[in-house]
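Visitor: Here are the chains, one letter per residue:
Number of protein chains: 2
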Amino acid sequence: MNGIARTPEPPYYAVIFTSERTDGDQGYAEMAEEMEKLAYSQPGFLGVESAREGLGITVSYWESLEAIKNWKQNERHLIAQQQGKSDWYLEYKTRICKVERDYGFEKNAEPFHK
Amino acid sequence: MNGIARTPEPPYYAVIFTSERTDGDQGYAEMAEEMEKLAYSQPGFLGVESAREGLGITVSYWESLEAIKNWKQNERHLIAQQQGKSDWYLEYKTRICKVERDYGFEKNAEPFHK
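Sequence order for the protein chains is A and B.
In this text, residue positions in the first sequence follow my numbering: the first is 534, and each later residue adds one.
In this text, residue positions in the second sequence follow my numbering: the first is 534, and each later residue adds one.
No lab work stands behind these hints: they were computed from the structure.
Please note that the accuracy of each hint is not assured.
Same chains, same label: a pair holds when it works inside one copy or across any pair of copies.
Said to hold, decoys possible - Cut-off 27 Å, straight-line C-alpha distance, at most; resulting in silico cross-link-like pairs (DSS-like, lysine-lysine):
1. K640 to K626
2. K640 to K618
3. K570 to K626
4. K640 to K605
5. K640 to K602
6. K631 to K602
7. K626 to K602
8. K570 to K605
Given the structure is predicted, the values throughout are model-derived calculations rather than measurements.
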């Protein structure tokens, strides 16, 4: 499991992938692990956040739209996408976004006086 | 639990809220339910998707940056945000995004011939 992605200052890009799975694994867990490792080695990859609770949400972060396009066309990733449609997903939605602004909070990072 | 949000054609806006919780509930579940109901009644609200698996990811969708700003300043929501910092979250990150493009897949909606 990943934590919160350590992304740079905006602007950068996000791909929000929301999905509902079919029943059973059917090779999903293994491929998901492979895809995550592969994503980390892609040019322009900035990080990924993922959670599933019935609904699955995976948000990956990228330097540019070109980096997103290259990842979508990666040979192994194309195979995963095809198997996603045939075996793993009942439904999904992919949203390509430009992150315009961000802010955060860390409990232990708060100064006592500011 | 929600499914995949039924958002309109882009462009629209997304707020990606990624968080790590403190231990224990401390009123969190009740407030989360109240905030979700309240969000649905806000002008410009388009939908929300949420999952927690250790890491929590909530993505809310909005018609405009103004709608996002109004929600952030909602009186009850301000109280929830404050309690979030004091009680519920070890860490969070909020990212304001413009959704530029989206596409989806539905297993049962696929035509046999196309």
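Visitor: Decide, hint by hint, whether the structure agrees.
Guide: Hint-by-hint comparison with the structure:
1. Taking CA atoms no more than 27 Å apart as the test, K640 paired with K626 passes between copies only; the shortest distance there is 12 Å, against 33 Å inside one copy.
2. Proximity of K640 and K618 under a CA criterion of 27 Å is satisfied inter-copy only: 7 Å between copies versus 41 Å inside one chain copy.
3. Within a single copy, K570 and K626 get their C-alpha atoms as close as 22 Å, and across copies as close as 23 Å, so both meet the 27 Å cut-off.
4. In this assembly of identical chains, the alpha carbons of K640 and K605 lie at most 27 Å apart only when taken from different copies (20 Å versus 36 Å within one copy).
5. For the identical chains of this complex, K640 and K602 are inter-copy neighbours only, at 24 Å across copies versus 36 Å inside a copy, given an alpha-carbon limit of 27 Å.
6. Taking the shortest alpha-carbon separations for K631 and K602, both the intra-copy value of 14 Å and the inter-copy value of 18 Å come in at or below 27 Å.
7. For a Cα distance limit of 27 Å, the shortest separation of K626 from K602 qualifies both inside one copy, at 16 Å, and across copies, at 25 Å.
8. When the C-alpha separation of K570 and K605 is checked against a cutoff of 27 Å, the pair qualifies only within one copy, where the shortest distance is 15 Å, while the shortest distance between copies is 36 Å.
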